[in-house]
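Letter 680 of the sequence shown, counting from 1, is numbered 680 in full-length UniProt numbering, and no numbers are missing.
If you're looking for bench data, these hints aren't it; they were derived computationally from the structure. Hints may contain errors.
Simulated restraints, written as ranges between beta carbons of each label pair [to be verified]:
1. A442 to K259: 18 to 24 Å
2. K366 to K448: 40 to 46 Å
3. I612 to F576: 41 to 47 Å
4. K666 to D601: 21 to 27 Å
Please read these numbers as outputs of a predicted model, since none were measured by experiment. Don't be surprised by glycine CBs; every beta carbon is placed ideally from N, CA and C.
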Amino acid sequence: MIKKIVLLILAILLIGLFFHFNLHQLLTLDGLKGSMDQFTTLREQSPVLVIGGFFVLYVLVTALALPGAAILTLAAGALFGLFEGLVIASFASSIGALCSFLVSRYLLRDSLKQRFPERLAAIDEGIKKEGAFYLFTLRLVPIFPFFLINLLMGVTALKSWTFYWVSQIGMLAGTFIFVNAGTQLAKIDSLSGILSFGLIVSFVLLGIFPLIAKGIVNMIKKRQVYKNWTKPAKFDRNMVVIGAGAGGLVTSYIAAAVKAKVTLVEAGEMGGDCLNYGCVPSKAIIKSAKIAEQIRNAHHYGLEDTTPQFSFKKVMERVHQVVADVAPHDSVERYTDLGVEVEKGYAKIIDPWTVEISYEDGTKKKLTTRTIVIATGARPFVPPLPGIEETGYVTSDTLWTEFAKLDTPPEKLVVLGGGPIGSELAQSFARLGSNVTQIEMAERIMIKEDLEVSEFATESLKESGVNILTSHQALRCETKDGKKFIIVKHNDEEIEIEYDQLLCAVGRSARLTGYGLEELGIETNRTIVTNEYLETLYPNIFAAGDIVGPYQFTHVAAHQGWYAAVNGLFGNLKKFKVDYRVIPWTTFIDPEVARVGINEDEAKQKGIDYEITRFDFEELDRAITDSATKGFIKVITPKGKDKILGVTIVSEHAGDLIAEFVLAMKHGLGLNKILGTIHSYPTWAEGNKYAAGEWKRNHAPQTVLNWLEKYHTWRRG
1 MIKKIVLLIL AILLIGLFFH FNLHQLLTLD GLKGSMDQFT TLREQSPVLV IGGFFVLYVL
61 VTALALPGAA ILTLAAGALF GLFEGLVIAS FASSIGALCS FLVSRYLLRD SLKQRFPERL
121 AAIDEGIKKE GAFYLFTLRL VPIFPFFLIN LLMGVTALKS WTFYWVSQIG MLAGTFIFVN
181 AGTQLAKIDS LSGILSFGLI VSFVLLGIFP LIAKGIVNMI KKRQVYKNWT KPAKFDRNMV
241 VIGAGAGGLV TSYIAAAVKA KVTLVEAGEM GGDCLNYGCV PSKAIIKSAK IAEQIRNAHH
301 YGLEDTTPQF SFKKVMERVH QVVADVAPHD SVERYTDLGV EVEKGYAKII DPWTVEISYE
361 DGTKKKLTTR TIVIATGARP FVPPLPGIEE TGYVTSDTLW TEFAKLDTPP EKLVVLGGGP
421 IGSELAQSFA RLGSNVTQIE MAERIMIKED LEVSEFATES LKESGVNILT SHQALRCETK
481 DGKKFIIVKH NDEEIEIEYD QLLCAVGRSA RLTGYGLEEL GIETNRTIVT NEYLETLYPN
541 IFAAGDIVGP YQFTHVAAHQ GWYAAVNGLF GNLKKFKVDY RVIPWTTFID PEVARVGINE
601 DEAKQKGIDY EITRFDFEEL DRAITDSATK GFIKVITPKG KDKILGVTIV SEHAGDLIAE
661 FVLAMKHGLG LNKILGTIHS YPTWAEGNKY AAGEWKRNHA PQTVLNWLEK YHTWRRG
């Protein structure tokens, strides 16, 4: 910090001296003309001294953004001639620009990174991809302020060497114009005569040229991609969507809403994994398990504790009934009514514009389409443990069918995986009476949350009866004397754990095979590789949802579906980059864990100067009335600012409460705005307001309050 202050003082001192000694008067057109005879004589006497002094002066003027750089460029031509003057001015201006760039980076970047971490990260990502190109374009057009470009580029992650050589090349044309004019100094009456309107227009066209060139290059690349394929003269459809999960449903709905002719192809159940195997059935069993736990602990509500009596078969029947009740929302009939043609079959992409649909009766149909959207989702990943296929297992997809066959919950259930899915199901089945052991290879469960939240979740699951084994690595599965065992390693020791059912919940992998991706050469790396517009190798083939990532959430798949539809149908007019800035997620253990933005661990890793505001639900009236005071709200803000960088909520209804913070972050609203919003009493949502109130209390203006106290004392006489 001291070094930065010293550097700033030095820069101010140099600027002050520049004006104090009236050097700015010399760097005017009249001043230059009046001094030319002296400069010429001095150059003849001491050429090295004049060249060196001129070079240093030019570097200082450009580095400190002082007025007179244009005059110095003219002087270079007048003093040294076209070639020598061009070399001197070109290198001096580029070195001066680099100095200005480095000072800006040293003085400003760290503070801006702390105040605007996400925005600067997004800018850095763009600079990493296109920084040199855009800097070159800016340097070609002299209407953009020279010093401003230096300062702005300094706060980005652009490499110093890249900045230097791009500036050296990009400024060469403009430098040549001024140096050449300087060789005819006596004929120049004003700087406006050098940069005439026509010349400025020429420079603007020169600056636009790289953009035009880039467009031409992209067009050539596009043609290169399609060179082995014959494009149809006309198309059967505007869009074909493969997969009827959240991403595919939203994409096809939007396409139909804007009157495009769209076909949605699905081989399995409408609604995808979320409706049939994931979000909906898991939340249904979580609810049943929670009721059982409340009956078991009825004393919290002034009632007698009772052992819950239930039929596990009926619990599983309810799960399936819930799925059936939600299913009409995603049904063939509904989407047909919305204008979507739904085909029940297996889709394969034959060429960039043709999709072949295979039906169960063996028949096939081909459809040509301008745009294809792949939204085939993901499936549970099953680790390749020796013996696992022989001993058997279930996944979050298959357990609903397999467990529905059981009369009672599995007596001994092993849950492999400590992420959200594994934690939700481990707690639920423990509450329904299973002896649950949860195995996690990492040092703690829910590793993506910060340490405090992870520890809180661990205690909650343990209270529900889950035996949690962290830092345990699964090695193999075995059968001994008719009993099933999973062998795990902990501290170099092998441990046997007996089970009746093994639930694999160690993550999900994208469905990438069987859709023709390999034949088309579409790149995959665990997911389909797309650009920021969700385009694949072929600009008319898009992908959305779990098959793309980076988040495997239903709401993110739906979010991507909008971009896939709009970019696919209207990308020739305007394309939109997917916005991942504000993504919420919830783990539905009890109490729920909801988060948006960064958590405390991530703030530390990014070096953000942050502060934590915390509100504990034991102080919330509604939580007290519901006997559900466990949990807290934790808000991360920049030091001294009310801007919300991230929020973690642990409580009942956390997934609902987080929505207010999602809205605030999306639209740039700070904690003061939340505090100034009326919240109904007594509600859980008041917790958000009280968290904002905690921030306000911690930042109360003590000096003003002290003066107010004196004022009120005076008023009392």
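Original post:
Is the distance from the Cβ of K366 to the Cβ of K448 consistent with 40 to 46 Å?
Top reply: About 43 Å separates the Cβ atoms of K366 and K448, which means 40 to 46 Å holds.
Original post:
Is it true that A442 and K259 lie within 18 to 24 Å of each other by Cβ?
Top reply: The hinted range 18 to 24 Å is violated for A442 and K259, with Cβ atoms some 50 Å apart.
Original post:
Okay, I612 versus F576 on CB: inside 41 to 47 Å?
Top reply: At 35 Å between Cβs, range violated.
Subject >> Verdict for K666, D601 (Cβ pair) under range 21 to 27 Å >> reply: Holds, at about 23 Å.
In this structure, the hints that do not hold are numbers 1, 3, in rising order.
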